[in-house]
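**Q** Chain order of the listed sequences is A and B.
Residues in the first sequence are numbered consecutively from 1, following our numbering.
Residues in the second sequence are numbered consecutively from 1001, following our numbering.
No wet-lab data here; the hints were simulated from the structure.
Don't take each hint at face value.
Simulated DEER-style distance windows between Cβ atoms [what the hints assert, rightly or not]: (1) A:ASP18 - B:GLY1203: 55 to 61 angstroms; (2) A:PRO146 - B:ARG1161: 46 to 52 angstroms; (3) A:ARG14 - B:ASP1032: 35 to 41 angstroms; (4) B:GLN1092 - A:ASP70: 45 to 51 angstroms; (5) A:LYS47 - B:GLU1013: 33 to 39 angstroms; (6) A:GLU66 - B:ASP1048: 52 to 58 angstroms.
The list that follows gives simulated cross-link-like pairs (lysine to any residue, SDA-like), each with its CA atoms no further than 25 angstroms apart [stated by the list, open to error]: (7) A:LYS47 - B:ASP1048; (8) A:LYS88 - B:ARG1201; (9) A:LYS88 - B:ARG1188.
These numbers were taken from a predicted model, which means no experiment stands behind them.
Just so it is clear, CB atoms sit at the ideal spot from N, CA and C, and this is done for glycine as well.
Residue-level listing of the chains:
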Amino acid sequence: MGGFVSRGFRRRRRTTTDQATRLPPGQYVEPGFPVLSAGPTPRVDLKEWRFKVEGLVKTPREWTWEEIHDLRGSSFEGDIHCVTRWSKLGTSFAGVSVDTLLDAAEPRPEATHVVAFCYGGYTTNLPLEDVRGGKAWVVWDHEGRPLPPEHGGPARLLVPHLYFWKSAKWLNGLRLLDHDAPGFWESLGYHNHGDPWREERYWGD
Amino acid sequence: MGRLSWRLANVVEVRPETARVVTLALEVPVWDGHLPGQHVDVRLTAEDGYRAERAYSIASSPDGGRIELAVERLEDGEVSPYLAGELRPGDQLELRGPVGGYFVWEPGRGGPLLLVAGGSGVAPLMAMVRYRAATGREVPARLLYSSRTEEDVIFREELDRLADAGDGLTVTHALTRAQPPGWAGYARRIDAVMLEEVGWRPGERPLIYVCGPTRLVEAVAGDLVALGHDPVRVKTERFGPTGVP
Chain A
1 MGGFVSRGFR RRRRTTTDQA TRLPPGQYVE PGFPVLSAGP TPRVDLKEWR FKVEGLVKTP
61 REWTWEEIHD LRGSSFEGDI HCVTRWSKLG TSFAGVSVDT LLDAAEPRPE ATHVVAFCYG
121 GYTTNLPLED VRGGKAWVVW DHEGRPLPPE HGGPARLLVP HLYFWKSAKW LNGLRLLDHD
181 APGFWESLGY HNHGDPWREE RYWGD
Chain B
1001 MGRLSWRLAN VVEVRPETAR VVTLALEVPV WDGHLPGQHV DVRLTAEDGY RAERAYSIAS
1061 SPDGGRIELA VERLEDGEVS PYLAGELRPG DQLELRGPVG GYFVWEPGRG GPLLLVAGGS
1121 GVAPLMAMVR YRAATGREVP ARLLYSSRTE EDVIFREELD RLADAGDGLT VTHALTRAQP
1181 PGWAGYARRI DAVMLEEVGW RPGERPLIYV CGPTRLVEAV AGDLVALGHD PVRVKTERFG
1241 PTGVP
């Protein structure tokens, strides 16, 4: 639809050059941290909390809250992008690298995809390669404080190079598969992969 | 399913609802219809090529020939001041959709329905109320709607009329900041007591839709679960930052 101009519309937001280069197409800078969830926020007791790696692994693993904190920590500092168009620049999270968790469980060679499953029933799917190689974390701190429940606490997945619905809240575990299996939003019209730089928002994008 | 392509809609009516909210009525060529609760993406393009995109819930029933968006003007916003201040009948607006397959209701999904709205979060619920009035009157529905003042109530007259029809819809208002003299409705934020008084009992297994600012949605959804409602029957849609990054 080239050439259409919205009569009388002018830019109102000022974006620095640095921000502009960091913003994927169709996104705007959001200083806050909006909450988006499809249902009530689950409350998970830390004593009951578990994180599991299961499916196509040599050794299915399960960690308690204390045990996962004993693993070598890892943090992320950078930008996150929500499909509803806000991007939060220069934010930070801390937890553990997904590499550390997968290495402990030893993925089988036929594993190609992963489904993140969550307290409350949410799921999201990712190619295994999108959560390996320092690209994904399980995080429980945000900017130096415990991750609040409405933002996915006790712990959420963090996959900052994809739209933020892939960074599943209230994470309970990862299941490795030899095929792709669309998750919650991916079954409801949202893109299967969700790369913000390719603007993969919806089916067919 | 094919790609959701951008298309040009014609603005056929701009109707003030409150001091800050307007309804935009749009004619969209080749519109395949929508489900109540779905939204559209709107894209504005400036002469220098700058673009801004936002999502807006559809407030109209799918049985009409056009779609309506209820837009609240946010003073520090970029898109809403244009949509709710600049746009006039005869203008065109670029959009694509409908989008969203979870926060939706149609009569076949059953009920009873409990709809809880805060401010302009009433928009997608209004689509459900309107569609129910047009096609699904056998499903009993209750709308609990929180506004700051009486003047901020969107769709006030239409909601009164729909509730007066006596076809199984009740509308209950809560005014949180100021109430007119003789106000008989609630005069506080929505809380667990109010949900228990207005809503269905958990044993009646209502389908519940909650839409509004994050603080309202978080509180209401939490209260509903604490009252014993099944979390999978509570669907939420939130907007706005938390204020606490």
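**Q** Starting from the hint 33 to 39 angstroms, judge whether the C-beta atoms of LYS47 of chain A and GLU1013 of chain B obey it.
**A** violated (57 angstroms)
**Q** Does ARG1201 of chain B sit within 25 angstroms of LYS88 of chain A, going by the straight-line distance between their CA atoms?
**A** Since the Cα atoms of LYS88 of chain A and ARG1201 of chain B sit roughly 40 angstroms apart, the hinted pair is violated (cutoff 25 angstroms).
**Q** Please test the hint of 45 to 51 angstroms on the beta carbon pair from GLN1092 of chain B and ASP70 of chain A.
**A** At roughly 60 angstroms between Cβ atoms, ASP70 of chain A and GLN1092 of chain B fall outside 45 to 51 angstroms, so the hint is violated.
**Q** Falls inside 55 to 61 angstroms, the C-beta gap from ASP18 of chain A to GLY1203 of chain B?
**A** holds (56 angstroms)
**Q** Has the given pair, LYS47 of chain A with ASP1048 of chain B, been kept, meaning a C-alpha gap of at most 25 angstroms?
**A** Since the Cα atoms of LYS47 of chain A and ASP1048 of chain B sit roughly 56 angstroms apart, the hinted pair is violated (cutoff 25 angstroms).
**Q** So the hint says 46 to 52 angstroms: do the beta-carbon atoms of PRO146 of chain A and ARG1161 of chain B match that?
**A** The hint (46 to 52 angstroms, Cβ to Cβ) holds, given that PRO146 of chain A and ARG1161 of chain B are roughly 49 angstroms apart.
**Q** Do the alpha carbons of LYS88 of chain A and ARG1188 of chain B lie within 25 angstroms of each other, as the hint requires?
**A** violated (33 angstroms)
**Q** Is it true that ARG14 of chain A and ASP1032 of chain B lie within 35 to 41 angstroms of each other by Cβ?
**A** holds (38 angstroms)
**Q** How does the Cβ-Cβ distance of GLU66 of chain A and ASP1048 of chain B compare with 52 to 58 angstroms: does it lie in that range?
**A** Holds, since GLU66 of chain A and ASP1048 of chain B (Cβ atoms, about 56 angstroms apart) stay within the stated range.
The structure shown violates the earlier hints numbered 4, 5, 7, 8, 9.
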